[in-house]
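**Student:** Between the sequences and the hints, there should be enough to build the whole structure, so can you do that?
Those sequence lines, one after another, are chains A and B. For what it's worth, the numbering used here labels the leading residue of the first sequence as 159, then goes sequentially. For what it's worth, the numbering used here labels the leading residue of the second sequence as 6, then goes sequentially.
Some hints here could point you the wrong way.
Claimed, not checked - Derived coverage of chain B by chain A (criterion: at least 3 residues anywhere in the stretch with Cβ under 8 angstroms from a Cβ of chain A; other residues may be distant):
(1) 48-59
(2) 99-109
To be verified - Simulated crosslink set (SDA-like; lysine to any residue; CA at most 25 angstroms straight-line):
(3) Lys167(A) to Asp86(B)
(4) Lys167(A) to Gly45(B)
(5) Lys73(B) to Lys100(B)
(6) Lys100(B) to Leu185(A)
(7) Lys73(B) to Gly255(A)
(8) Lys167(A) to Leu51(B)
(9) Lys60(B) to Thr260(A)
Claimed, not checked - Here are a few chain B residues that sit away from chain A, every Cβ distance over 10 angstroms (derived from the structure):
(10) Ala18
(11) Glu22
(12) Thr67
(13) Asn69
(14) Gln71
(15) Glu72
Keep in mind the hints are simulated off the structure, nothing from the lab. Every residue, glycine too, gets a C-beta built ideally from N, C-alpha and C.
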Amino acid sequence: DGGITQSPKYLFRKEGQNVTLSCEQNLNHDAMYWYRQDPGQGLRLIYYSQIVNDFQKGDIAEGYSVSREKKESFPLTVTSAQKNPTAFYLCATLRTGNYGYTFGSGTRLTVV
Amino acid sequence: KNEVEQSPQNLTAQEGEFITINCSYSVGISALHWLQQHPGGGIVSLFMLSSGKKKHGRLIATINIQEKHSSLHITASHPRDSAVYICAVMEYGNKLVFGAGTILRVKS
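**Tutor:** Spelled out as structure tokens, the structure:
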């Protein structure tokens with residue numbers, strides 16, 4: 159079955175370290191998205207990519223970086239510049255046309 | 006004012022009760038998603054709808070485009086339905102805007 163794989167489900171890192179979250183899809187969807195969730199708030203857009211080798215900042219891109227070297231993969235790096243990295247991170251894809259989004263199961267990052 | 010408002014924010018129900026969660030939005034949309042998030046965080050997509058009504062098991066989702074409102078209903082609720090339910094609207098241009106979620110607890 160096609161889908162989105164986010165790994166790991168839980169991730170712990172020490173403060174000051176960069177960490178990369180994985181998002182892989184085998185749906186052949188063009189667009190991929192990263193969202194962040196904080197307690198009591200709606201998910202907010204970090205970065206998105208509509209085609210390979212191209213990506214745009216979302217609403218809260220500071221302290222994050224991404225790459226889109228191949229269609230299947232859209233890794234998100236949480237850098238040491240991100241002041242409050244502890245959060246739930248969700249990857250999603252969008253198929254062109256009115257097909258709606260497909261969502262990964264998410265990664266919960268805790269920085270100690 | 007947030008573009009997507011969910012109500013209630015918190016809901017406690019007794020097992021077997023009929024549950025309704027509401028979502029109102031202020032912008033034109035092409036579709037709306039209902040998502041379920043269990044403790045521990047994993048997200049599951051329940052429905053995507055752009056008109057009318059969809060049903061899956063004990064879950065029913067409705068949308069009224071003219072009134073900019075959607076509801077998620079759970080019939081014969083069970084403790085395993087305890088989760089956060091999130092409404093997300095797809096604006097024209099495919100931007101997705103999320104509600105803050107409704108925390109549901111079903112007691113046995």
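**Student:** Is the straight-line distance between the alpha-carbon of lysine 73(B) and that of glycine 255(A) 25 angstroms or less?
**Tutor:** Holds, at roughly 22 angstroms.
**Student:** Far enough from chain A: is every CB of that chain over 10 angstroms from the CB of glutamate 22(B)?
**Tutor:** 25 angstroms, holds
**Student:** Lysine 100(B) and leucine 185(A): Cα distance at most 25 angstroms?
**Tutor:** 20 angstroms, holds
**Student:** Against chain A, does the segment 48-59 of chain B show at least 3 residues with beta-carbon separation below 8 angstroms?
**Tutor:** Per the Cβ count (5), the hint holds.
**Student:** Against chain A, does the segment 99-109 of chain B show at least 3 residues with beta-carbon separation below 8 angstroms?
**Tutor:** Holds, because 8 residues of the segment 99-109 of chain B bring their Cβ atoms closer than 8 angstroms to Cβ atoms of chain A.
**Student:** Would you mind confirming whether the straight-line C-alpha gap from lysine 167(A) to glycine 45(B) stays at or under 25 angstroms?
**Tutor:** Holds: lysine 167(A) and glycine 45(B) sit about 9 angstroms apart, inside 25 angstroms.
**Student:** Just want to verify: glutamine 71(B) was marked as not at the interface with chain A; is every Cβ pair farther apart than 10 angstroms?
**Tutor:** It holds; glutamine 71(B) is separated from chain A by about 19 angstroms at its closest Cβ, greater than 10 angstroms.
**Student:** In terms of Cβ atoms, is chain A entirely out of 10 angstroms range of alanine 18(B)?
**Tutor:** 21 angstroms, holds
**Student:** Asparagine 69(B) clear of chain A by more than 10 angstroms, beta carbon to beta carbon?
**Tutor:** Label holds. Min Cβ-Cβ 18 angstroms, cutoff 10 angstroms.
**Student:** Would the pair lysine 73(B) and lysine 100(B) pass a check requiring their Cα atoms to be no farther apart than 25 angstroms?
**Tutor:** Since the Cα atoms of lysine 73(B) and lysine 100(B) sit roughly 17 angstroms apart, the hinted pair holds (cutoff 25 angstroms).
**Student:** Is it true that the CA of lysine 167(A) sits at most 25 angstroms from the CA of aspartate 86(B)?
**Tutor:** 21 angstroms, holds
**Student:** Run the C-beta distances from glutamate 72(B) to all of chain A and say if the shortest one exceeds 10 angstroms.
**Tutor:** Glutamate 72(B) clear of chain A: closest Cβ-Cβ about 21 angstroms, beyond 10 angstroms.
Figure legend: structure checked against the earlier numbered hints; every hint is met.
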